[in-house]
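Number of protein chains: 2
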Amino acid sequence: MKWPQGVSSAATASGIKSEGADLGLMVFDAPATYAGVFTTNAAAAAPVIWSRSRIGRDIRALVANSGNANACTGRDGVAAVQEESTAIAAILGCSPDDVVVASTGPIGVKLPIDKIVGNLGGMKANLSDDPEPFARSLMTTDTYPKLAMAGMGEGTVLGVAKGAAMIAPNMATMLAFIVTDVACPQDRLQTLLAEAVDASFNRISVDACESTNDSVMCFSTGRTDGDLSRLEGALDEVCASLAEQIVRDAEGGTKLMRIEVRGAADTAAAVALGKAVAASDLWRCAVAGEDPNWGRVLSAMGSCDRRLEMGDVEVSIGSELMFLRGEPVGRTEIAAKVMSFDEFSLVCVVGDGPGHAQVLAADLTTDYVRFNSEITT
Amino acid sequence: MKWPQGVSSAATASGIKSEGADLGLMVFDAPATYAGVFTTNAAAAAPVIWSRSRIGRDIRALVANSGNANACTGRDGVAAVQEESTAIAAILGCSPDDVVVASTGPIGVKLPIDKIVGNLGGMKANLSDDPEPFARSLMTTDTYPKLAMAGMGEGTVLGVAKGAAMIAPNMATMLAFIVTDVACPQDRLQTLLAEAVDASFNRISVDACESTNDSVMCFSTGRTDGDLSRLEGALDEVCASLAEQIVRDAEGGTKLMRIEVRGAADTAAAVALGKAVAASDLWRCAVAGEDPNWGRVLSAMGSCDRRLEMGDVEVSIGSELMFLRGEPVGRTEIAAKVMSFDEFSLVCVVGDGPGHAQVLAADLTTDYVRFNSEITT
Chain A
5 MKWPQGVSSA ATASGIKSEG ADLGLMVFDA PATYAGVFTT NAAAAAPVIW
55 SRSRIGRDIR ALVANSGNAN ACTGRDGVAA VQEESTAIAA ILGCSPDDVV
105 VASTGPIGVK LPIDKIVGNL GGMKANLSDD PEPFARSLMT TDTYPKLAMA
155 GMGEGTVLGV AKGAAMIAPN MATMLAFIVT DVACPQDRLQ TLLAEAVDAS
205 FNRISVDACE STNDSVMCFS TGRTDGDLSR LEGALDEVCA SLAEQIVRDA
255 EGGTKLMRIE VRGAADTAAA VALGKAVAAS DLWRCAVAGE DPNWGRVLSA
305 MGSCDRRLEM GDVEVSIGSE LMFLRGEPVG RTEIAAKVMS FDEFSLVCVV
355 GDGPGHAQVL AADLTTDYVR FNSEITT
Chain B
5 MKWPQGVSSA ATASGIKSEG ADLGLMVFDA PATYAGVFTT NAAAAAPVIW
55 SRSRIGRDIR ALVANSGNAN ACTGRDGVAA VQEESTAIAA ILGCSPDDVV
105 VASTGPIGVK LPIDKIVGNL GGMKANLSDD PEPFARSLMT TDTYPKLAMA
155 GMGEGTVLGV AKGAAMIAPN MATMLAFIVT DVACPQDRLQ TLLAEAVDAS
205 FNRISVDACE STNDSVMCFS TGRTDGDLSR LEGALDEVCA SLAEQIVRDA
255 EGGTKLMRIE VRGAADTAAA VALGKAVAAS DLWRCAVAGE DPNWGRVLSA
305 MGSCDRRLEM GDVEVSIGSE LMFLRGEPVG RTEIAAKVMS FDEFSLVCVV
355 GDGPGHAQVL AADLTTDYVR FNSEITT
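Protein chains in written order, with my numbering: chain A, 5 to 381; chain B, 5 to 381.
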């Protein structure tokens, strides 16, 4: 894969992490139209606050690091963002206000800003059209870089992302950067991005923890004229692919669950029920154990919507109906077989309303606990 | 410990579980005043629906089993509750409507009602004033029986409980049965119980999963005249002790966290913030690893209250201040030492409001995942 026209990137190992690439730079040949969707966590990190406030401006560069979230870092954190923006602006000959930044990693640790600033000049000399090194530099506990591309005849949409844990309820610790060469007005790009995020990153869950740093940014270099409804489709496709890749690479996760909720009052209700199931530690443990313990699904939905009528509810694991309008039915051995695969569907019908949604989730394993019990401070 | 005057109990191994006591019977010499607080889960089990509807009546007997939740069991589940109530009513010479029931264990499995009915006669012959066998018969993954007593001069309050997992956000899979000999009008007993539950069982969390079966029932045999404000204190004390015992015996749990939230707008806001921290898988993993990763605490609170001002927030682990009004402070090695004990306090100041609350929670360990990944269906 190659970046669309008008953008290039570089990556390096700056030493923020003990090993591996941890710093990425993306540079636009000319100011790019910029849209962004960010965490709504009140503990939002300094880079989130900075980059959120740049919406409406055209952007010349993005600096992203892994290995440190620069979150809950107080005045030092704000100063660090200012410093990295100023440093790359000086190199590119633009204003620091034309720069956006992103960070991911442990919270509450001072960002070693000198390691970032000292590398930007050399990175500029190594810019290329290959997005993979940049995608790799974002990785924390990810086991592979995440890239997705959708062509649309006249132009291209290409996105990179990092995920792994803290992916919920609203696109928590994940970063995604999407670039298109198709020209699009800023307000339209913001709307298209928000809708694409809502249907993708906002419908995945790893551990129901929402991060201080999640950011999805979208840039248009405007090099190509394209149909905006086709851009919408391509953007949706790229976001959906990246979101699914994130769940597949969930920390410690061994399975991808597609939780389909149907018959809810509206889409929001369907999403809420799906996320409640996705967030149930008990059900997620059962999935890890390939145990079709569908009672935990009902229990999770019943504590999400306390007016749910069990007589209206159906639960299927794969195509095996396990609970039919108030009564347990179904063959446990068939459901267990379905759950033995890397990926399976859980279908929950909750009534006869028009609301339906799919939420993607991962299982909860001892490896997840091990990863997250290790000393990071 | 002995039951207060006017009540006795028995327990047996009926075979619902593969081994150990799993059936308990409590009999009142004369109809006892009855109050109850139950799960609000829409998937509430048949015994919950039955016992909830008995509120307002005086009660002659309680039948409780472990090893099977009789939840999501449809018409069979309703029939089973009817059968067990009718069976003990026939033995005691009362109406089935004078009987309450409770079940705990796996969801969605048909209750083997013959094992219960066949044992009630023999259990009646073995009634005694020792509450411990009854408390043991409630145990599922509990490692010890839970009992608490508070004397109040003229009378006694004694309670038994079972817990272990699925303990949140509103007293999920837990059963507690509390008996006093102090006379109390039903409406007053209901109010006292609801308040005691709100300040105890509703402020604990094991895995943020709410069960289909949680029930707290309180009975007054009326044998003693006592001061009702002292009864209130004794009831609060018993509920608080049982709630803490449940968290200490959390599935796989190795530590008890006392999460104190201060300075919130009101008590409800303080409880919500405390429960958000208690529900964070990431923070609970850090606790298991004795890692003072306080950023996960801020992140959990910030996704609970999106208007939280970090400049107003303080977080302390034990007495070590880690985050002070927007800035990271504190010594990691001191906080890690605090977390190395079986029990520690996490103090979160979130503003200068009058709302404060304490929420008790357990850590998330690989043992929890292992327990809950085992095949139970």
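Just so you know, not all the hints are guaranteed correct.
Which copy is meant is left open, because identical chains are indistinguishable; a pair holds if it fits in one copy or across any two.
[Stated by the list, open to error] Straight line, CA to CA, 35 Å or less: simulated DSBU-like cross-link-like pairs of lysine-lysine: (1) K114 x K128; (2) K114 x K21; (3) K6 x K341.
To be clear, the hints were calculated from the coordinates, so they are not data collected in a lab.
Do the hints match the structure? See the list:
1. K114 x K128: within (25 Å within a copy, 67 Å between copies)
2. K114 x K21: within (13 Å within a copy, 54 Å between copies)
3. K6 x K341: neither (40 Å within a copy, 50 Å between copies)
Violated hints amount to a single one, hint 3; each of the other numbered hints is respected by the structure.
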